[in-house]
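Novice: Sequence:
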Amino acid sequence: MGSHPDLSYERKLWRDGLLAVAGLDEAGVGSMAGPVVAAAVIFQPETFIEGVNDSKQLKPEKREAYFTQIHQHALAIGVGVASHREIDQLNVFWATMTASRRAILSLARAPDHVLVDGRLVPELNLPQTRIVGGDRKSFCIAAASIIAKVTRDQMMIEYDEQFPGYGFARHKGYCTPQHFETLERLGPSPLHRRSFAPVWEAAQRKLF
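Sequential numbering from 403 applies to the sequence shown in my numbering.
Any given hint might turn out to be false.
Unchecked claim - Straight-line distance between alpha carbons at most 16 angstroms, and here's what the computed EDC-like set of lysine to aspartate or glutamate pairs gives:
#1 K414 with E448
#2 K414 with D514
#3 K464 with E448
I should point out that these hints are in silico values taken from the structure, not numbers from a laboratory.
All chains should be modelled from the sequences, with the hints used to inform the complete structure.
Specialist: Pasting the structure below:
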């Protein structure tokens with residue numbers, strides 16, 4: 403269980419007869435705009451794609467190549483989205499939990515066990531194991547991180563066309579200097595999370 407994901411955690415569960423092991427991860431929690439996207443991935447036992455890693459450790463072109471391979475080899479993939487409005491209504495933690503539940507429930511088959519990178523998902527009624535840094539340790543969690551990240555990036559590229567000038571295709575809503583500059587200059591877009599302090603403050607300044 404080093405710095406690269408492997409099948410160690412999955413194999414422990416497979417040996418116990420839990421064959422449908424889902425990895426769960428999310429993208430977009432720290433963004434100032436757009437949704438949180440969660441993904442859940444189940445593979446047949448012993449399926450492994452060499453090079454799959456935490457999405458943050460991969461260049462965009464590598465992520466997209468693995469995204470395609472994961473879709474080709476996975477037994478089931480589920481994606482759940484919580485919108486920026488839900489984030490403002492629920493707060494980002496509960497919106498992330500909502501997206502995570504949606505991802506698991508959208509799987510074509512129910513998992514026997516869920517390996518989770520972050521917090522355990524409440525009200526899921528499925529056995530779960532939390533693995534700190536799981537996207538760098540568990541293959542199925544790393545695969546889920548890639549599905550979540552690439553799916554969300556594609557959404558933000560589409561939003562860039564709806565809300566031109568903010569650079570969503572470039573920074574994906576995250577807190578970059580360029581994003582802060584356009585937020586200050588243009589004010590928040592309808593896609594921005596008003597519950598995030600920099601967005602709320604920029605909105606207040608635009609009132610005066």
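Novice: All hints, please: hold or fail.
Specialist: Evaluated hints:
For the suggested pair K414 and E448, the alpha carbons sit about 12 angstroms apart, so the restraint of at most 16 angstroms is met. Taking the CA atoms of K414 and D514, the gap is near 13 angstroms; set against the 16 angstroms cutoff, the hint holds. For the hint pairing K464 with E448, the CA-to-CA distance comes to about 22 angstroms; that exceeds 16 angstroms, so the pair is violated.
In this structure, only the earlier hint numbered 3 is contradicted, and the remaining ones agree with it.
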